[in-house]
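Here is what each chain is made of, one letter per residue.
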Amino acid sequence: MNRYMLSAMLTAGLALTAASVLAAAVTGTVSNDEGSPIAGASVGVRGSTKGVLTDATGKYSITAEPSEVLVFSFLGFAAREEAVGERTYISVSLSEDLQRIDEVVVVGYGVMKKSDLTSSIASVKGSDLQTMTVGNVDQALQGKVAGVQVVYGSGAPGATPKVLIRGFSSLNLSTDPLYVVDGVPMGTNANFINPSEIESMEVLKDASASAIYGSQASNGVIMITTKRGVAGKPVFSVDLTYGVQLVQQPYEMTNVQDYVAYMNAAYLNAGQPAPFDPAEYAGRQATDWWGSAMLPTTPQMNFSFGVQGGSEAHRYSVSLTYYRQEDFYRYGGDGWDKFTARVADDFKFSKYVSGGFVLNPRRETWGNPDNWSDNLRIDPITPIYLPAGELAGSENEYSVYGRSDLSYVWNTVASNKRYYYTAGYYALGGNTYIDVKPISDLTFRSLVGFDYKAQEGDNFEPDFVIDAAHEHADYNKVSRNHDLYTSYSWQNTLTYLKTLGKNSLTAMVGMTMDRSTDKTLSGSREQLPNNSEILREISAGTMNPQVSGGYAYRSLLSYFGRASYSYGRRYLLTATLRRDGSSKFMARNKWATFPSASAAWQISNEEFMKGQSVFSSLKLRVGWGQVGNQNLPSNVYISEMYKDYYVREGQVVNTTRISTLKNEDIRWETVEDVNFGVDFAVLGSRLSGSVEYYIKNTKDMLFSKPYPFYSGYPGGANIWSNVGSMQSKGFEFLVDYKEMLGAFRYGATLTFTTFAVAATTLADGAKVVYGNSERTRTEEGAEPGYYYGYVADGIFQNQTELNAHTSEKGEFLQPKARAGDIRFKDVNGDGVLNGDDRTKIGSPWADFTAGLTVSLGYKGVDLLANVYASYGNELVNGVKEALYNGQYGQGLVSNINDLAWHGEGTSTDIPILSRADNNENFSKFSSFYVEDGSFLRLKNLQLGYTLPPPLAGRLRLAKLRLYVAGQNLWTLTGFTGIDPEVGGDILSFGFSGWSYPVQKTFLVGVNLTF
Amino acid sequence: MRNFFMVQGKQLLLSAGLAFGVLACSNDEAAYNDAQAPAVALAVAELYSEPGRVFHIVGAVTDDVGIASIRLEIREWALDKTISLRRDTLVTRYALDYQFQMPAGADLSKIFSITISVTDVAGKVTSVEQAVNPNGDFNAPALDAPMPDTITVLLRPSTALNLSFTMTDNKALAYVVVQSSELGIYDSITAIPDNGGQSYTYTRAIPLASENAVYSFRIAAMDKMGNATESLFAAKVSGLPDFEKLYLTDFLTKEELNRHLIGTAIARRTAPYTYQVGYYSKTANAGGVYFIPQKTDLQPICFGADPSAPGTVATELPTSQPITFPEAGYYTITISTLAGTYSIEKYVPTTPTPASYKAAFLEEMGFEMRLGIIGKGFPEYDQNWSPGAAIPLETDAQNPYILYKELDMEGTVQIQVEPRDDGHDGGWWLGQPDNPSYPGWKINRDGNADPYDSSVDELTVSTRARYRFELDAHLNQAKILKVES
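Sequences listed follow chains A and B, in order.
The opening residue of the first sequence carries number 1 in our numbering; numbering runs sequentially from there.
The opening residue of the second sequence carries number 1 in our numbering; numbering runs sequentially from there.
FYI, nobody ran anything at the bench for these hints, they're computed from the structure.
Do not take every clue at face value.
Ranges of calculated distance between the beta carbons of each label pair, as one might list FRET restraints [as the list claims (entries may be wrong)]:
1. P352(B) to N897(A): 47 to 53 angstroms
2. V58(B) to N897(A): 44 to 50 angstroms
3. P400(B) to E252(A): 50 to 56 angstroms
4. P352(B) to P387(A): 33 to 39 angstroms
5. E252(A) to A95(B): 54 to 60 angstroms
6. H470(A) to N258(B): 41 to 47 angstroms
7. V653(A) to M365(B): 22 to 28 angstroms
8. V653(A) to P400(B): 48 to 54 angstroms
9. N258(B) to P383(A): 52 to 58 angstroms
10. M365(B) to E780(A): 50 to 56 angstroms
Keep in mind that this is a model prediction, so the values were computed, not measured.
Beta carbons are placed, not taken as given, at the ideal position from N, Cα and C, and that holds for glycine.
Work out the full structure, taking the sequences as your base and the hints as a guide.
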């Protein structure tokens, strides 16, 4: 601190001295548009060799004469010139260079200038991802990259969104992309990383970009580059965000009196006597299940601390982050905690050798109940606690609760108070590398990455009796699991760069060895002496000891290479080749080769474009490549058996059964794609973007199909097979506009994504593939996983309509239907309503998804809004089965009397409330459940204020920004289910049920740099 | 020149073709417009039906242009059905056969009318009316009890067949015929005064030769709407047969015997001419029981007590008297038909009662077992072989072994009594014989409910009626008795 003051005084003194000799010391600060200091910016005197760099807080000091002009520049920003004149203090803010032609983009096993790219790679800056406070970085990615569809699916703490890069290319295997962090493959779930650790994120969308990752790349690759040290004084940054999520009860439920009346009606409508005497319930208050079991608000917070700095010889970056999202359960939940540290050191040992390492210790914990919907489904009559008069006095603390005898839904407060499950892990990941440059054009890099994750789960289930028949656990139980997951990756690459005149060549060859292992161990026992906390250990159990464990490993050996050639920065060619050998396949199919080639024409660099002023940049790209998918279980080449038994003459006979049959001929699922793209920048680079079209063909699609009966193997045995092929096509674009009008700056980025998928061929035995209990269907020529069911053709209004719903012989199509029931369509017109009348009743796949980011700024004030939309898809609203159904005696929505059919002329699609579902209104899967799933959601709205640098300086800060934000504040949709962002596996996509709702979140935060 | 003709020739051909096309179109158009309206030929001018009965609207529809749709309307009965025919094929003839159920509460005092409107593809419509008389008769006359295939007539010095039956009809009988060609009998009764013509009771003692012989009989009847019925049987004159089994009945008249769905129990043959059965006498000296070989009649053979000698057996009414029991309780009855003796032995059962099964279950499992009816044919209940919705049984106040339930039955009835495990919401199949620890009973048509020696039989209740189902969990016997409404 004293040093700072001394420095300021010296600077002022020097300035005074210099002024008297004309050449004066000029000082100031260089910052970006948002007021953040830029460290390492160049400040030079035009026409001379004089120049300095800004320090970590953006400050500089340079000697210059009044007649000279200072030039301020920094990579990625537009240079700015300022005449010195009489000034001795010149602070400038640099704007990002909208053209950004020299931006460096991370590609597989290397980096490339963005202008040299020939394939489809989208880049997102870490700062753009950090505008949202989320647990999983993919949630912040939503809408920001064309071609990438992010579906939240759940708002639960720790939930992983579904990420589809250019749709999907597999029916049965995982469709999650591969995450590569600092060059090391890290699996298919990005939960482990905190967005504030990220410097940039690159999405390798087409095969020509991702083929370098060969067999792991068919779902696309997301490259994450974490923050590294910058030479200079240490820069400390602190980001603090705290917010609350508003927990909203999604449906208002009936009070006691209405419930009694509606259930009586439901019984009468079913021809059964009414069970309730309304007089008995007059004036009775409904049990406040929601209020008793749920919290009205839940906190969400993110705290990040970082320091970066170093010298030319040693750069360092340290970050500590803590993220917590609490769940909305009043009892039993622990929410989600994530603590992440990341230490990165880069050393330049000599002119020839440099190296570094990253260490990434992590701790994560989670655990919360999953029964929030029961607070709606349980009836309002049942009391939470049994009245004192009904207690014997000998019950334990878990047995004093009321039982819903009509609905059979378990008491939610009781369930949550019995919830003791917690899980978490300790992990240490990282990598270390060494670069050797024996000659100036050649670099050898060897990198070892690793990740150890020790995961544990603890559970205790107390004994209790709420209802001896239905809601009880006779013995308490304790269980624990300890699992160890490890992965290693050793990579060696040799890269050669040579530029001769207009010819530029980059060649890279390399190899990797990857191996990952899973070890699992779990055990449990029952009947502990009591439920006290101190005894909740397995050794205290006295009954039914169980233990199980397993081991699996996967390994991959790969050789690869890439060559990039550029002529005059106009004609660009890139080719890659990778050969993978995987432990998942037997000898005859163990190895596969994945080639790619791409080319680009940078038209704007042509001579004939020099004179025009329309295009700042114009590039055409075309790429082709093959990638693979090997995300199938590790052991499909061996048959699996399981223990079973059967009863013969009253005796139990132990036996074994085959569950999975081996397939030694299994091959890779291969995806081949062709990509066409245009990148452009016009209006002086204020408007830029990309337009792309692609066609992907999947062949040898892997599928777990039932083994044919004629084989003699028992029913239910499955075999992994290469069953068919699939094609997807898509169009996508990104348009970005940025403008500055004096102190006012604004910009907008629009992304637009479409894709259409169809199964092209399916093998014998799998010509039709059903999913989700035959509620989706996939067949040749059709989009996979379309909703398949009966067509609900309105409600029978009267006997005449019932009498008319017959075959041409007069036989009733729905013999048990009554007025108020759903009329199902005889689709094939054969006069019989049966499974053959099921047809396509909706598509889970959106016609398009789009994201819009709008940013506005005026001096220190900034405003950011993200909007995301999905259009044209249908969703299955599974909660209708509970909310509008009197069959189970469960809670009913308060307006059910208006919603459900209640007499001739009722305009509704909801059938009559009835205790019996004789017409199968609810049990038949029909278009009754299918709704338009389109939505538009304001994902993020953030208003910030950055103190002017001088003011921040007075506080001894380089930057101080305060902001307020709201996430998921507003949604426009006609969908009546819980939430329109619904995910799922490919064959059961779009089935909305009681998923944890995405909450509205209000946040305040501060960003500090000093 | 050649070219000229060729070109001209082609033009001529083209012109001719066009002209023909125009003419053809013109002709078609004319035919289309001039087409006859659809024709409807109904099978009958007037239909007969009755409340709740399905009738068929039958006829032939023709139209040269093509039939588009057929609309059937009976406004009063909420029928408004349009049969739309496929448009991708030409349908010029359509065999109409449409069934419709007359509403249960239809007005019987008037004749209704069906409007049948046929529309062809040209839009021409033909409408015809068909009358529906709601007072049809569709039930054939019926015997008060089904005749067995063979009636055994015991050989006596003066052998005779006492033939007695009642023929009934829901409307009016036209005639009843009793015929035996071997005996030269042809009794034709056309004047039927009984009960407004709805029933006729035939009684005749037919003398037979006292020698082993078989005589064939035919009983026939027809009602005034032409619904006929016929029953064939044989009367076999012989000495006392060694029957495979006997039926035990405590209903002492033919009418009572046949009123119930299951009213008898099986007396098993334990030795030649010897039969044994358990019986629970609800009260002391109640009406008593008979043993009969023919299930539906007390004639011609009816083993009972011979009042002239205690402990001896009489074979026919009216000599035969019911075997009675001096006290309430369980008895074992043994009867020897050849020796002409019988004995009764009272005992106190020791087998587990349903209540003791339940208590053991409760102690073991911690929650209640419920015994209930599973099966089908119970219109009051949503029970179709659903263990989760078993119909609960009640326990008799006097006898803890007897479980009972009064309920309506209709159509095909099947009954199994199965314990319901309340630990499973959807119910659970627990009972014997699969699980010896828990009780279970399968009801067959003879009343046998032994879980190890029985199967679930289909019983038929043509008209919905109320019955009392009664299970004796000690004797493994079941009864299904009609309840007086």
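Comparing the hints with the structure gives:
no.	hint	verdict
1	P352(B) to N897(A): 47 to 53 angstroms	holds, 50 angstroms
2	V58(B) to N897(A): 44 to 50 angstroms	holds, 45 angstroms
3	P400(B) to E252(A): 50 to 56 angstroms	holds, 51 angstroms
4	P352(B) to P387(A): 33 to 39 angstroms	holds, 37 angstroms
5	E252(A) to A95(B): 54 to 60 angstroms	holds, 56 angstroms
6	H470(A) to N258(B): 41 to 47 angstroms	holds, 45 angstroms
7	V653(A) to M365(B): 22 to 28 angstroms	holds, 25 angstroms
8	V653(A) to P400(B): 48 to 54 angstroms	violated, 38 angstroms
9	N258(B) to P383(A): 52 to 58 angstroms	holds, 55 angstroms
10	M365(B) to E780(A): 50 to 56 angstroms	holds, 53 angstroms
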